[in-house]
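Undergrad: Residue strings, one per chain:
There are 4 protein chains.
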Amino acid sequence: MPGPSLNVGLIGYQFMGKAHSNAWLQAPHFFDLPLHPVMHTLSGRSLAPLQKTAKSWNWQHYTQNYKDMLTNPDIGLIDIATPNNAHAELAIAAAEAKKDVACEKPLARTWSEAKAMHAAVKKAKVNNFLWFNYRRVPAVAYARQLVLQGRIGRIFHVRGLYLQDWIKSPNTPFVWRLSKSVAGSGSHGDLCAHTIDMLRYISGEEFTEVCGTFETFIKQRPLGRMLEGLTASSSGSQKLAKVDVDDAVLFLCRLSGGGLGTFEATRFATGYHNANTLEINGDKGSLRFDLPNFSFLEFYDDTLPASEKGWRKISCTTANHPYAGQYWPPDHPIGYAESFVNTAADITSHIANAKKPADFHANFDDGLACQQILEAVTVSAKEKCWIKTKEIR
Amino acid sequence: MPGPSLNVGLIGYQFMGKAHSNAWLQAPHFFDLPLHPVMHTLSGRSLAPLQKTAKSWNWQHYTQNYKDMLTNPDIGLIDIATPNNAHAELAIAAAEAKKDVACEKPLARTWSEAKAMHAAVKKAKVNNFLWFNYRRVPAVAYARQLVLQGRIGRIFHVRGLYLQDWIKSPNTPFVWRLSKSVAGSGSHGDLCAHTIDMLRYISGEEFTEVCGTFETFIKQRPLGRMLEGLTASSSGSQKLAKVDVDDAVLFLCRLSGGGLGTFEATRFATGYHNANTLEINGDKGSLRFDLPNFSFLEFYDDTLPASEKGWRKISCTTANHPYAGQYWPPDHPIGYAESFVNTAADITSHIANAKKPADFHANFDDGLACQQILEAVTVSAKEKCWIKTKEIR
Amino acid sequence: MPGPSLNVGLIGYQFMGKAHSNAWLQAPHFFDLPLHPVMHTLSGRSLAPLQKTAKSWNWQHYTQNYKDMLTNPDIGLIDIATPNNAHAELAIAAAEAKKDVACEKPLARTWSEAKAMHAAVKKAKVNNFLWFNYRRVPAVAYARQLVLQGRIGRIFHVRGLYLQDWIKSPNTPFVWRLSKSVAGSGSHGDLCAHTIDMLRYISGEEFTEVCGTFETFIKQRPLGRMLEGLTASSSGSQKLAKVDVDDAVLFLCRLSGGGLGTFEATRFATGYHNANTLEINGDKGSLRFDLPNFSFLEFYDDTLPASEKGWRKISCTTANHPYAGQYWPPDHPIGYAESFVNTAADITSHIANAKKPADFHANFDDGLACQQILEAVTVSAKEKCWIKTKEIR
Amino acid sequence: MPGPSLNVGLIGYQFMGKAHSNAWLQAPHFFDLPLHPVMHTLSGRSLAPLQKTAKSWNWQHYTQNYKDMLTNPDIGLIDIATPNNAHAELAIAAAEAKKDVACEKPLARTWSEAKAMHAAVKKAKVNNFLWFNYRRVPAVAYARQLVLQGRIGRIFHVRGLYLQDWIKSPNTPFVWRLSKSVAGSGSHGDLCAHTIDMLRYISGEEFTEVCGTFETFIKQRPLGRMLEGLTASSSGSQKLAKVDVDDAVLFLCRLSGGGLGTFEATRFATGYHNANTLEINGDKGSLRFDLPNFSFLEFYDDTLPASEKGWRKISCTTANHPYAGQYWPPDHPIGYAESFVNTAADITSHIANAKKPADFHANFDDGLACQQILEAVTVSAKEKCWIKTKEIR
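Residue numbers (this note's numbering), protein chains in the order written: chain A, 1 to 393; chain B, 1001 to 1393; chain C, 2001 to 2393; chain D, 3001 to 3393.
No lab work stands behind these hints, which were simulated from the structure alone.
One or more of the hints may lead you astray.
Within a straight-line C-alpha distance of at most 25 Å, the following computed DMTMM-like cross-link-like pairs (lysine to aspartate or glutamate) qualify [what the hints assert, rightly or not]:
1) A:219 / C:2205
2) C:2313 / B:1209
3) D:3390 / B:1215
4) D:3384 / B:1209
5) D:3384 / B:1308
6) C:2382 / A:209
7) A:388 / C:2205
Throw the hints in and build the complete structure from the sequences for me.
TA: Encoded structure:
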């Protein structure tokens, strides 16, 4: 007889839908969980892919109308894995229905959407979760432990890069991630949000002041396949769509502890498919993480004897590292998918243990804080000057 | 309505049982398969762990008597994931029952067991599969493609290392992998078999002559927990068990194409938890693979202009690399578990397409070839001289 | 009988004095030069170290009064290796004396000094050289070749870091590099100037617009030993000196070709002693150089077949790479000192071949261009907004 | 007035002649030496290159008859940098003339030559030095310090590779290094001798038993230019010379402390120009050195807390590392040439301080020990079995 269950209703069946389906499926295989997550209902707009995904991943039910899930008392958690333009509507509706709500990042397209979503979960007092999945990469979680142990000390410098190159060719067709009305922004919300969140999580620092700039290198692209809800202009015989989001964003920042930072996110960094990279230099030590080298955290311990100092490549795959011991022996690597599995396991445990929403990381507080920084960078780029984050209200 | 099914009966519920359960579960999620693998029955000797694993991974049935599966006409494939001492009995029984059979590596404890197993599947004409899972790491499969394209050319040198360090402390307790009666050998069959197989697979070369040596650094160990079927000696108040397998093996070899090789497998290489490393130097190019850097293959193309030559780190995570495109976008890494998923998918497709057993890699032919090399090294170590592989009969 | 000579008068006997002495000594040992550089006269202010350096390196003469060299018709080249505060006086005097002049970087403490120096060499029509020694690291010179061959294409992104950590401790004593009156700036002119110049040299791009910020993490330091010409405040029993230069500088930029850049120079990046690092991402390929990995250039060729793309680590130590063939066989590495030797050889050849001053890289034009960028960053940091480089006049 | 001098007589003007000339020239520039090494006389057989090298490097005298130096009472040290076939004659003559003698590695072509040379210096009681220059790479010297501090502990495994690829093409012409009468052996004495010596130096272990094999992949080569003293066969219109030395050597070994080793040296490892690589795995820690990454030693400290263990890349360029502090600030790398400079400085200091010949490393004792191992491998390859080193007499 199974123990008590957590019935999950997932919205979205594309890239993130697949990652979340896998997470809910696998979490109980690798974690001893106090609640058993049940893949109860999958929701999405188009019937064919909805049915296909539901069947492939063995969801018990599916519906084209997500509101069916809100009124179903069996469902405890609404998990939002849609494109960004649906986040606000869905999260607010879920909160109002008193459902716990987990939302993919970035929290919202805009600062005002984010504030409304945040207010909704606060008002409803529901558990709220943001899928900043990289927080639960073992190396990233271990980085935070080192900071908390005082191994890095006062932070002088941070450097965050999120480098991709998948749209550097002008022939790469237009997709929803290049539309402001759907995505809200380009690399800024999609990529930079991850790195900003990682820095906040690992270091505990806040961004006090920022100055950034945006660029769209390629202003219009062929419209490869019809995108739901998007209209396209036409150039000669080929339909073209206008890219109205950033291809790249750069910003400098000052941190609450007195440190300085540089951040960059781009989809035009040839040679980097998915390099979410973060470095921190403190007076006691330094850290480096690079997503393609998923298993490793690099640590420089400046308190060692002078001749012995060096960058140390720690394989965070042992039972002594966060999450890793749930899977395989050391250096039998896990990957990207398991960062979602770990998150699903932690969400489940949080709900089971009836902890306060504020005790979970990352929650909508973290999403809002990240969105405030994104917005401050956007304003600074428009005004071509430095902006204090707290002035974004 | 699901399509036709492949009902799998798995024997074993420990480390490999978990890896195989995951493989059968996940294969249809990431591959479009012509048959649907069904997790039909799990078998094992001890009831409690058997039940627990069966339930956790949602096996439809379980049994403590594997023969129940052999007589069940619904079951098409017997998958053996037990310790090595059960391989021969189970595989031969499965073949005699006309079941297709998949066996964990190494094929057997000994050369004579291996020959008997091989004869059984040949006689029964059943499909036979060996879980040399590293063949289906994308970087390894891609390495073979480069060789087949002629990018490496005539092979001068190969270097294979399988380095672990998990028993280097004398306090590490005795486990079944240290018992000759259970495991057959130590690092030789457990680790070196993998590297030998990888070389055969990637290069197509055979080992013509070998000369090796073994060492057991720590001769007896504390008996941590009761091991099924093992008796222990006792030293004072603490029970000690004799380690009668190799801690490490080294060998030199000559290859069919005229090249030279060095191989080493050990559980005493401090700093290496699971470094299955293979290098190949040919007259046109060179290759390097290292398991902890799972996503990458290093390639040196000696046909490039002189100033441009260099070791190239290829992230084998794109849709252009074997298997990788079934999962996530580039540089969203997969890991160890997916090498089993890929194998399960290929086994399923092979059976569905009714191909000849000999068309599948790796099958019992490959297992036997590997075992012959292992045996030749063993003989050479005893005789302290070089041995021709073909003299092992 | 030796061929015709180039008599060199060097000013400075400290770190750079040693590097230049070595360069003039070694250039004829590794290069076939049309002129023989002669170590004619060494000049400096303090007699004891002057005599010691002159003797150790076998300078033929020495003088405490550099003007002796200006009036000596035998001397053809005045080489300035002093702290920055003497550059302007010495270079202008040398030019007025119609001597060819080579100057250490940065050209000057300030934009106005730089303009005066530049005007002086232009008016005198003398050969003028700036020791941006990193231009003549083989990997850097080869990077430029790849750009010129069109292997990088349109540049989207550049990232320049010059990371050191030698003063991150508050106990590190005050030295001349921390004094604005002597050095002009801190990490900005000392380090960032190198990386800016490398980018200009390798890519041919100009900086059109910048926005930066400075930080001095530790505002005063113990006065370790008496520094010539500096007065110190006193705090209790220990004398303290005020640090009035930047410990770190960060800036964003836009480039003439439409690309974006981030630059950072700091003496507080724990774990990095001397990491002068430059990355360039173009639409055809990408490059990475990192000074501690001196021998290597990393190149990503995006025109290769999709499955074969990867970062390639080219050991620029062969006869096919700039300068390297003058020394030892491949992968018998040269180092930092040889970047000066290569520069001395090129200066000598330039003078021998009576080329136009403008034909040499780097010359005072390059020094002035770099200084203009440094100044634009300084202004932008004061005004907290973006500044167009060309507005610095 | 200079202090007392050490007048050096160098024999040889090719590759090693250049490396030694540079070493004697530079040693006093970077080290405070108790004796001043004077570049007194250069000797060689062919007048033109002798004169050219003598002039370029400023040798005070030159002679085609090395015996002139033996009878010159001013000369204190005879430095032998010739091809191997002259080592024995020159070293024995120098010893008999009561000159201190420094010899390039390998000590000799053969075991019997080596014994005669060793006997000669013992009988003459002269200082004797062997240029195993890699002992004085800072990272290598530091590796020994770590072993001596007990940081590695009991050694389980060593792996030595010396990989080059310069003759892998059959078009590479014949040179003296491919002639047994001149070189004695191929990669064995040229390359493997270095790695064997590095292991002896770093670990203090001796080789008790070996088993090896040789290969000559390409048996004859075009005779590019006339080689002194060699006759060539002829094939059609092109002259071909027979390669009668090994292109590659591999051997296994057992060490005095109970560990196991694999060694390989080859000129056919495509992608490796000069990779002299050594790894050591002990029960307390592990070490890795790789010549092309000259500045770095990798260290794995197994005594750290479990979660913090990792391979640490130590840049041995600081004042806390051997030799490095004599040159430039940290991470301003030195290179291959400085390993000779360091050796020249140590030889000079040794002579100045009138230490016993046995106190210097490496001396002819070390050369003899290395030659004994080389010989044991040679015998084992002939007999195709293991050989105890001490049986070589």
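Undergrad: Which numbered hints are broken by the structure, listed smallest first?
TA: The structure conflicts with hints 2, 5, 7, although it agrees with all the remaining ones.
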